[in-house]
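Number of protein chains: 2
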Amino acid sequence: MDRYNHRKSQMLLKITTADGKPLKNAEIAVRQIKHKFLFGCAEFSVVPFVNGEFSGDFKEKAEMAFEKFVELFNFATLPFYWGRFEPVRGKPDTQRLKNAAQWLKNAGFVLKGHPLCWHTVTADWLLELTNDQILEAQLMRIKREVSDFAGLIDMWDVINEVVIMPNFNKYDNGITRICKQFGRMGLVKMVFDAAREANPKATLLINDYIVSDAYEILIEALLDKGVKIDAIGIQSHMHQGFWGVEKTQEVLERFSRFGLPLHFTEVTLISGKLMPPYIKDLNDYKPESWPSTIECEERQAMEATLFYKILFSHPLVEAITWWNFIDTFAWLGAPAGFITKDGRIKPIYDALYNLIKNDWWTGTQTLVTDHDGFVRVSGFMGEYEVSFKDKKSKFTLDRKYEVAQIIL
Amino acid sequence: MDRYNHRKSQMLLKITTADGKPLKNAEIAVRQIKHKFLFGCAEFSVVPFVNGEFSGDFKEKAEMAFEKFVELFNFATLPFYWGRFEPVRGKPDTQRLKNAAQWLKNAGFVLKGHPLCWHTVTADWLLELTNDQILEAQLMRIKREVSDFAGLIDMWDVINEVVIMPNFNKYDNGITRICKQFGRMGLVKMVFDAAREANPKATLLINDYIVSDAYEILIEALLDKGVKIDAIGIQSHMHQGFWGVEKTQEVLERFSRFGLPLHFTEVTLISGKLMPPYIKDLNDYKPESWPSTIECEERQAMEATLFYKILFSHPLVEAITWWNFIDTFAWLGAPAGFITKDGRIKPIYDALYNLIKNDWWTGTQTLVTDHDGFVRVSGFMGEYEVSFKDKKSKFTLDRKYEVAQIIL
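So the sequence lines, in the order shown, correspond to chains A and B. Every letter in the first sequence is one number past the one before it in UniProt numbering, and letter 384, counting from 1, is 384. Every letter in the second sequence is one number past the one before it in UniProt numbering, and letter 192, counting from 1, is 192.
Hint data in this document are derived by calculation from the structure and do not stem from the laboratory. Some hints here could point you the wrong way.
A pair holds if it fits inside one copy or across any two, identical chains being indistinguishable in the list.
What the hints assert, rightly or not - Dumping the calculated DMTMM-like pairs for lysine to aspartate or glutamate here, alpha-carbon to alpha-carbon at most 20 Å: (1) K68 with E197; (2) K170 with E253; (3) K341 with E136; (4) K180 with E250; (5) K225 with D193.
Bear in mind that the values here come from a model prediction, so they are computed numbers and not experimental data.
Produce the entire structure from the sequences given, and follow the hints as far as they go.
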């Protein structure tokens, strides 16, 4: 049995020439040009890079890195942390983000904004408001970003880490305050409603790092309450070690019972020494240096390959996003990326490239149309190019079986 | 500051003689005869004991044990595990349970039935039914027991361990099947509605051993859905070691945010070697013998004292139930009781007796009425006896301040 069968489809092309006549008994070439599956990465340095804020060696390294970035991925997460996006009330960083989004969109990327509501890195100025005012500001901010970016970004992590949100006690913040008052259920409903209203076509996610019963129950309750969650976001920051096959499968089983798409939104496997197991909040670990090592780079490549294979073989998983691409900009200073601080490409790049653009990619096929111009094609779902001599056209291979009319 | 202030109250008694005249300037005695707080125990051998099924040495030991039992406790949990209560469909064990309940009620006990819906020890014959039939049988069984025992048992653990219920996979059972189909939210709503309909005055609990965010979120979602939970049941089987001050306070803080009464429904601290920490499901631990030892009995008494003090000092805690009283009948064969297998009373008995009937008990007070027959009384909430010479009457000291008319 093909464990990736659910990633493939087939369809019938009816090929005609410009004058409407069937292209009979002709040898055509068909090749995949894009995946339907979202292979993503969150590399937030794309924002200063695209906005021309890098110079010298920094700029050169970034140019090389983003060339590799667009070769491998088709999906990117952009940062909308409220405290950074709007540090001064009324002055959102909209234009810089639009520039980055447009650049990625031009490179063929699907985009997601992250996150619209979160208790961490939220705006400090919320602390001066009453709870009703905080809620109003939160909902307005959601409507503003989701409207402003509609067409560029049509996918959002609407709310992040709501499992612990009302109990978060490391420091006071506006979002924990309103989550305590309105409850998890109440707050999630309101932020989803606001995002939906601003862009009815958007794909809206809930996202969490808690992968236990607590998150499962939260989702069950939200669905029961009628909150329309389009996809379940699951973080997997494995700084303390790879989950392994069993835990990965257990998580997939737990969250697949809803029949909703699963997005692995934040995948980290590091190419350095593991964070010790006694650390509970990953933010508390602050080593003086955290180098990438040859042996650990091998481990990172092997574990990532195994992880991606398990996820890609599960029918409900629709997206995997690595967190992040370049060690220089990595969260916690961890060697989490595909590129070391000195610009060296790690083995994980080739390992995943080989999966995404070789094993799971339908290369050029030479096919022959029948006497009515029909030809059957099959392969991994996504966008395809069909060519006959110097003429070219495109079609999309998706789950639904259908006949495509193509003019060459 | 008195950490038990919320357990106390005061009131004004207006004492008259039988002819309606004030009992002026008289020296009266007031003494507590019962706690408002529910100090409970689950000792299921009360059922065969009361039904005369014990004989010989067994009977003698049980007689001694239940004498100590009624001296200390005012609250008892009775077993309604479906698989044992109705092993053959249509033949429930109603009469034996009624006998035990009546015996305890006569001894002044408040009673709770446990549990009405649970995936463990449920009826095997459910496996032959369709899911709709299982649900119907479950709801009918709830209505039957709650109606049959109304007046005797007006408090129920309606549903047990629903956090893991749909994911329970040790063996197939009817309740996990319907929880998977109807969801946790749906099932809890239906079983609570059935119990409420059968006895609108009953106190209805949800009960779980999971004390993490998962249970908190479940409760939040159920309340949001409109399920009327009268008290939150929290298990605390500490076979692997005492929670300690921090975890106990953390659990109290987590579940107190709903403002609902908290019942510690299943407290275990053992007087023997601790179960190893690597055991995940306590049922998996099966030592050849599990003796009670002198040193561990001291530890048990000290930890129980500390645990009860923390719970009694929290305003929302209204009940604490030990699990169970006699080692001979203990779950898992653990030395969990107050009485060893050879009938010896452990130190925990005296330690808790000293708290419940001495430190937290208002002993006899001699008071003098004023010239209008009024006298102010104060003490731990509960029932009191007031006496003047050979005449006696009773009153209840509760949270609400009021004047009681008493005829002596």
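First find the shortest C-alpha distance between K170 and E253 inside one copy, then the shortest across copies, and answer within, between, both or neither for a cut-off of 20 Å. between (32 Å within a copy, 16 Å between copies)
Should K68 paired with E197 be assigned to within, between, both, or neither, using CA atoms and 20 Å as the limit? Result: close neither inside a copy nor across copies, 37 Å intra and 65 Å inter.
State whether the alpha carbon distance between K341 and E136 is at most 20 Å within one copy, between copies, both, or neither. Intra 42 Å, inter 64 Å, cutoff 20 Å: neither.
Is it within, between, both or neither when you check K180 against E250 at 20 Å Cα-Cα? Result: close only across copies, 16 Å inter versus 31 Å intra.
At most 20 Å between C-alpha atoms: does K225 with D193 qualify within a copy, between copies, both, or neither? both (13 Å within a copy, 18 Å between copies)
The structure fails to meet hints 1 and 3 from the earlier list, while all remaining hints are met.
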